[in-house]
Each structure stands twice: as C-alpha cells, then as structure tokens.
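The chain contents come next:
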Amino acid sequence: MIVLVLVVPLLVAALVYGGREAMRRRESVDLRRLAPLTGGAALALAFGALTVGGAGSDGAPVWLFVAPAVVLTAGTLALARRGPVTADGRWTGSAAQAATLTADDRGTVASAAAVARALGRVEARELSRSPWFGVGVGFCVLGLALFGFVFAGEDTGTWDGQIQLSSWLALPLVGMVVLAVHRAVTRAARDRADELFDSCPTAPATRTAGFLCSAPLPMAILGGFLVVLGFAVVASGAHLYGPIGADSVADVAAAVVLGAGGVALGVALGRWVRFGLAPVVAVVAIGIAGIQLNTIGGSGWNRFVPLSTAPAVGGTPPMFTDRPVWWHLGWIVGLSAAVGVAALARHRRDQSVVIAGAVAVAVAVAAGIGATRPSPTSAAARIAAAVAMPEADQECTATGPVEICVFPIYRGALEDVTDRVAPIAAVLPADAGRFTLRQVYDRNLDELPPEVRQLLTEADLERPDDEVPLGFEGELVELAGSDLARRVVGLPVEPDDDLMPTVVAGQARGVVALWLATRGLDPDAAAAASTAADPGSADAFARGSVEDVEDPCNAAAVVWSGQDLAAARAVLALPDEDVARIVGDGWGRWIDPRVGTDELLAALGLDPVGPFDEVVARPGNSC
Amino acid sequence: MTSSISTVTVTGLRKRFGATVALDGIDAAFTPGVNGLLGPNGAGKTTMLRILATVLPADDGRLEVLGDDPSTGGGRLTVRRRLGYLPQEPGFHRHFSGFEFVDYVAILKEWADRKPRHDEVRRVLTLVGLEAVMHKRIGQLSGGMRRRVGIAQALLGRPDLLVLDEPTAGLDPEQRLRFRELLGTEASGATVLLSTHQTDDVAALCQHVVVLLAGQIRFTGTPTELAALASGRVWLAGERDPGADLAWITGEGRVRHIGEPPTGAQLVEPTVEDGYLILAGRDAHANSEALAS
Chain A
1 MIVLVLVVPL LVAALVYGGR EAMRRRESVD LRRLAPLTGG AALALAFGAL TVGGAGSDGA
61 PVWLFVAPAV VLTAGTLALA RRGPVTADGR WTGSAAQAAT LTADDRGTVA SAAAVARALG
121 RVEARELSRS PWFGVGVGFC VLGLALFGFV FAGEDTGTWD GQIQLSSWLA LPLVGMVVLA
181 VHRAVTRAAR DRADELFDSC PTAPATRTAG FLCSAPLPMA ILGGFLVVLG FAVVASGAHL
241 YGPIGADSVA DVAAAVVLGA GGVALGVALG RWVRFGLAPV VAVVAIGIAG IQLNTIGGSG
301 WNRFVPLSTA PAVGGTPPMF TDRPVWWHLG WIVGLSAAVG VAALARHRRD QSVVIAGAVA
361 VAVAVAAGIG ATRPSPTSAA ARIAAAVAMP EADQECTATG PVEICVFPIY RGALEDVTDR
421 VAPIAAVLPA DAGRFTLRQV YDRNLDELPP EVRQLLTEAD LERPDDEVPL GFEGELVELA
481 GSDLARRVVG LPVEPDDDLM PTVVAGQARG VVALWLATRG LDPDAAAAAS TAADPGSADA
541 FARGSVEDVE DPCNAAAVVW SGQDLAAARA VLALPDEDVA RIVGDGWGRW IDPRVGTDEL
601 LAALGLDPVG PFDEVVARPG NSC
Chain B
1001 MTSSISTVTV TGLRKRFGAT VALDGIDAAF TPGVNGLLGP NGAGKTTMLR ILATVLPADD
1061 GRLEVLGDDP STGGGRLTVR RRLGYLPQEP GFHRHFSGFE FVDYVAILKE WADRKPRHDE
1121 VRRVLTLVGL EAVMHKRIGQ LSGGMRRRVG IAQALLGRPD LLVLDEPTAG LDPEQRLRFR
1181 ELLGTEASGA TVLLSTHQTD DVAALCQHVV VLLAGQIRFT GTPTELAALA SGRVWLAGER
1241 DPGADLAWIT GEGRVRHIGE PPTGAQLVEP TVEDGYLILA GRDAHANSEA LAS
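As you go down the protein sequences, you meet chains A and B in turn.
So that you can map any letter, position 424 of the first sequence is 424 in our numbering, and since no number is skipped, the others follow by simple counting.
Heads up, our numbering is the position in the second sequence plus 1000, with the first residue counted as 1.
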C-alpha cells in the first residue's frame, strides 16, 4: 500500500506532465526532467526511514520506506544520467526555408500583468523541477504515508483537533519552497543571463511579479496534500468525529497560504539578498521565531500563539478556547502579501506599490491585533461556563454503574468510550459505588485567557468525588479504562501538584486496578498494560513504572513494584470469572491500602511474589 | 515594422571603468543595413554595444536610437521593444532546453500569448537550424549550437535594431556562411550593429564599418574604403622583408607584407584585414612614440 501511495503519484505526475509536454511538442516523453522530483522524494523517504527506524518502527516497518527510497534513488540516478553533448550539427535551416515561415502577428504588446502571468507559468514549471521542491514534495509524500496510512489507524479525536495540524504539515514543503524560489530568482545572475534579460522590455519588477505568480503551484500541492491526507486518514480506519466547521476551513486555508508566503519570502530574499545561504538562515530564523511565539509565558495562557506561522496545537481543548483562526489566516495573508510587496519594491517603488505595501501591512497589523485580542465577553462567558458547569452542555450515556458524559463535539467518541468502559463496569461489585466519567477542564486556571480567568475561581475547578475526569482527543478513549480502574480502587488519575506519583508497591489495590484496567483488552494489550517499560532496569522505580521513566514528558500518577506487575500478569492468566468473583466478594478489603498483594494472590490461589521492592516516589516531568 | 527611422546616432559618447577610459568621445552614425565594429580586444566595442543595447548607461554624450533617447525611461522601453541583442557572452540556463530559453526571452519581449509566441520561437530556432534539437537541454548542446540559440533569441520578432556582439565566435566556416545568409534575409531593412574579429565577415556582410582603437573611432566608411587604406602598401615576396611593419607567410608559401613597399615590390590588392592592420599598426606606433616621448 505504501509503495503504491508513494510511487503512483510520482508516476501519474510523470505521465501527466511528460504527456502534456510531449503532446505540445509532438516528441517523446522526457522523463529526465523529473529527476529532481524523484531525487527529493527519495531523500525525504530516506529521512523517513531513519526517523521511523530510530523510533523503533512501532507499526511502521522500516522497509516500507527503504524500499521505495531505493527504487526512487535508482530511478533518479537513471533519469539524471548526463547524456553526451550533442555534436555540432549542420545548420540546415536556410534563408529559403525561413522565408516559408512567418510568425503570426503578435498583436498588441502584452500588458505587464499578462507577461507576469506567462512568466509565472514558466517559473512554476521550473519550481516543479527544482530538487529543493522535490524534497518538499517528498516530505508531503512522507507525511501522507506516515499520517495517512502507517499511524492513521491509531488516530482518534476530533476533526477540529486533527486539522489544526495543517500548518505544521505544510512547513517542510514551505521551507523547501523558500530555498527553491531563492535559487530561481538568483538563477539569472548565477548564469550571467542578466544582461540579456535586462535588454528586454519587461521591467525587473514584472519579472519579480512573474516569480510571485508561481505561488499557485505550492498552494495547489499543499491543498491537494491536505485533502488527500484527510481521505487517506478516513480510508485507513482512523476514528475521527465532530464537525468540520468554518474554523477548520480557516486552518487549512492558512496552511495553503503559507505556500504563497514561502514563494514571497524566497522572491524577496532573492531580490534583496543574493547570498546563497540567506534562505536557509531565514527559514531557521522564522522557525525559531515561531517556536518562541508558541512558548511565550511557559505553560500559562499565551495570546501570541496565533502569530506563529504554525501555531501550537494539542493544548487546551476547543470548548475552553476561542481560537482566532480567521485572524490568524488574515495575519498569514497580510504577512505574505507584505513580503511579496517588499520583493516588488526592490525595483519598483511607485505609488501603486506603496499603496499595495500599505494595504498589506495594514491587513497584517489589523489581523495581528485581532489574533492577539482579548477574548470577547460572550466567548469568555461561554468558556467560563464550560469550565464551571460542564454538565450543562454535555451528552451522557450509562453502562452499569458508570455514567459517561462528553461535550457535544465528542459525541462521536461516546460509543468507543462506552465500549472501553463497559467490561470494567460489568465486573464492578455493587458496593463499588457509582461513578461518572466526565470531560472537565482539568488544567490550571492560568492556562485560560485572562478574560475567562476573571470569571472563575479555584473553587470552580473542584469536582465531586465520584467523578472521574475524562480526557480529550486521543486520550479520550485511551485513558478512560485505566483512569476508571484507578479511581474505583481509590487511586489518583493524576500525579499531585508537585508531579509526585502515588506508590502502591505491595498493595493489593494496585493489582486490582491493573486487572480492572485490562478488562476488554486483547491478551497482548493486557500484558503490555501491566508490564514495566524497562523491566530489567536496576532502578526499582523504573521496574515498577508502566510508563517510560526516560520520557521527558512522563509524569506518572501511580507506580507499582516489579513484583506487583508480575502478580498482575499472573492474575491475568486466571479465569476472568474466578477473579471477578473473588475481587467482588472482598471488594472493601482489596481496595484497602493496608492489604498486601500477597494476600490477594493467596485468595486467588497463587504463589506470593514478595518481598516487594522499596520504591521511592520521585517527581515526573511535564511538557 | 519599418526601417525608415532605424538610425543610430552617437555624439560625444564617453564611458570610464575606474581609471580605464573605455569610450573617449565617440561620434558615429549608423544607418539601416549591417554595420561592423572592428577593433582589438579592449578597444571599447563591447562597451559601445552594451550602451546601445541599453544595458549600460553612458557617462556622458548623447544617443539617439531608432528616434528615441535611451537615457530616459520611456525611450529605453521603446528601444528595447525594437531591439534584438546578443551579448558577447550570453548566459544560458543550461537546464532549460533551447526552446524553453528562447521562449523565456520571448516572454520578456512581451509575447504573452502562448500560441503566437511558440510559433515565433519555433520559427527563429528553425532559422538557425536547431529545430531538431530544440528540446534538448542547453547543457547538452555544443558551443556552436549554444551560439545559435543566442542568435535565435536575438531574431525574435524581427527587431528593427540588432546588436550582435561577436555573433560568429564559435561558428564553423559553413555556419558563418549560413549566418551571413540569415542576416541578409532576416535583417533586411533593420539596423544591424555587429562587432567581430573576423574581417572577412565584415567584408562579406557590412555596408558600413567602424574601427575602434583605444576607445576612439579611427575609421568610419565602407569595407572597400577600409581596404583602400592599405592600397599600395601590401606586397608579396619570397623572403621576409625586415623593413615591413607586418609580415606573414601565406598558404602558398610566400610572404605577405604590410608597410612601405620597397622599390619594385610585387604589390597586391589589399583586403579589409590589410586596411584594419594598417590602422592598428599606426595606432600602436603612435602609442609607442607617445610612451617614448
């Protein structure tokens, strides 16, 4: 499948492009022009192979990337093979023959706009042949393969959350476009063709406009890439839900406009700074600036995020934010236009350029102000209400003693959450009580806009004891089972305020929580959920942690001992009915922190696993 | 297009590059037809052609090209619309095909409509005999073929003024003949300014010739008049005459001399090259005397 996805688009591009050219020229297809494209794609795939290989190839065999990379590299070498210099053929055209040829009347002199458009078509063609552009397209293909197929099956969440990634997915191609366009703009100087071109009536500013007119190509590629990626994600079985609203359209549009911004930046740099490394420096600088904008204020509320070319995603869920996506789009449009006008201003500074520049800057400034504006009163009130009273606007369903409540845009996941929780709810004894899994705002108040904060107090974040916070996006289903299992035995689902986990080494409730959490999972997943990430570690804390303690973002809520995890796996091997009966009959005892794991094992007829490691809690890290 | 105003007039033209005087008060007038510029390397030919092609501003002097003043924006634009220019070393985008490169220049010459533009590109490439290889990359073409691509782009749109800087450099004898034939038909009625080191090209092509030496015009007239400068000063002998200014062995094994012939010398009909060499020799002699004094 991957090979098809990678190779078929290139072949289609080759046939469409080469075929059209050949029809136009009535000659055979010259596939050699595609060498930069295939070379770039090969490079990107090689990068993908290294990345996937380095990541442990979880779900993505390295050969899937290596094989097409090798094929494309071989193809590139074959295509790029330099042919012999054509021998100086005879000058067979004669004056007599010339006399039989008469050029059609060209009519009136073309307008500057028409010339710019014609140049734009040529520059778009040249852009498509650029190896830098090929690398960018290769990254798109790589992104399509990874996110559209390899990892897509694991995707779950809202369309809104996924589409917010559009700008990030566009960045590799946009960066390469900056490099490719800069090379194109400085091409005449490098090839010393400037003198000839300067003798032509087309003004340098019109030539600049011609380069800018190549922008539709990367925009079309980006648009096509994002749309195809969307279809691929759906076709690969990803479970995405929720509406695709106007905000999502703005997100995609901003990503597509970034393509034009990349062209504008490449042209401006080419016109003002011919130094070959200038675009590299610019791309890196913009990347750093974007990261800085995304991280101003640390983990607290940051109103400058929309000014980043790729705003940070994965933070606050949508019902607790008022994302100014249209302002962000306006900011990107204004910024791109301003950079384009700056490119034109290198050779033309008349009134129309000044006005265009002023309009572009005005749009950028206005959009920038709009993007960083305080939340409107109505939006602040809506967010505050969602924080303080989430139950006021949620949809709920029940399975046994467990009620599950989600915000409306997550209703598509309600069935999945129910499926995940139902096996756990089914084995809970009556005296375990009733619980509500509810989506709530579970972050700090300082991560909310100030206009929202002033409508809330810390008391608004307090929730009833029988309520288990339900996650959002990917965590919604993933953590629902384990969080419920922990909560019903009295364990926390989050580390404390100092990111310190609760240690349950030697406690029966820890094993019960693991057994409950694995209800409904297939045997492999169940075993994985009760196995330490690093079981052979010399560190007792690591041996008892099911999360990777080396992960810089790890902040575990609960840590067992290695013996407890072994005990849990032993319990998993017993018949479910037997365990359910024994756990249910002694529920109050097994969730008592003073009751040991070996007591539970004895009740189940298993050998003891003690003595238990002495696990000393230590704080985790939060990203 | 008409040739009635295809006249180029240069008055007091000066150009310096730092301490080097490239053009030192040039006065010249060029009429429709082929005008040749002769001179040694560094004489100022290329500088003059670049100024006439509007790609280099003059420091001083007055130009009238096709009735317009190229020192003004509007005049420059008008001139460029009627100009075909082949630089001495035209830079090519080597990954473009010949067709693509000439097509690109055609767009820069304001041919925006694809169909007539492509027809014209095919026409000029056919004129220079490149129709069979027009879609090969320029990097794969021989030096002579690249020169022909350069000539082809200059012919786009049958310009009223053709400025060709050493157009026959790199062409073999047959191709030079083809070029002469081409210029005779394609540039009829136009004003053609070409610089060359090939005096036989001048003799065969030009109705008018200008000899530039050290930034100054030393001769202006017809090729016949240039050849006539050497009249009575060219002779053949079996041995080298030490009194001659210049002497070389011809293909027939005899020695051709230029200078003051001895009594009884076998005088021969002078060529344009002889006339040019007489001028260049005088100039070199004058320069050496000036240095000695």
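Everything labelled a hint here was simulated from the structure, so no lab data went into it.
Note that the Cβ used here is the ideal one computed from N, Cα and C, for glycine as well.
Do not rely on the hints blindly, as some may be mistaken.
[Unchecked claim] Some residues of chain A that are not near chain B, with every Cβ distance over 10 Å (derived):
1. Ala-110
2. Arg-187
3. Thr-202
4. Arg-453
5. Val-549
[Unchecked claim] Pairwise CB distance ranges, derived in the manner of DEER restraints:
6. B/Glu-1181 x A/Pro-204: 30 to 40 Å
7. B/Gly-1170 x A/Phe-275: 47 to 57 Å
8. A/Ala-358 x B/Gly-1189: 25 to 35 Å
9. A/Val-281 x B/Glu-1181: 49 to 59 Å
Verification of the hints:
Not every CB of chain B is more than 10 Å from the CB of A/Ala-110 (nearest about 3 Å), against its label as outside the interface. At the 10 Å boundary, the C-beta of A/Arg-187 falls inside the reach of chain B, the nearest C-beta of that chain being 6 Å off. At roughly 4 Å, the least C-beta separation between A/Thr-202 and chain B is not larger than 10 Å, which violates its mark as non-interface. With a closest Cβ-Cβ approach of about 58 Å to chain B, A/Arg-453 is found to remain outside the 10 Å limit, as its non-interface label requires.
Taking the minimum C-beta to C-beta distance to chain B, about 54 Å, the non-interface status of A/Val-549 holds against the 10 Å cut. For the pair B/Glu-1181 and A/Pro-204, the beta carbons lie near 36 Å from each other, so the given range of 30 to 40 Å is met. The beta-carbon spacing between B/Gly-1170 and A/Phe-275, approximately 33 Å, falls outside the hinted interval of 47 to 57 Å. For A/Ala-358 and B/Gly-1189, the hinted distance range of 25 to 35 Å is not satisfied, since their beta carbons lie about 49 Å from each other.
At roughly 53 Å, the beta-carbon separation of A/Val-281 and B/Glu-1181 lies within the given 49 to 59 Å, and the hint holds.
In summary, the structure is inconsistent with hints 1, 2, 3, 7 and 8 from the numbered list given earlier, while agreeing with the others.
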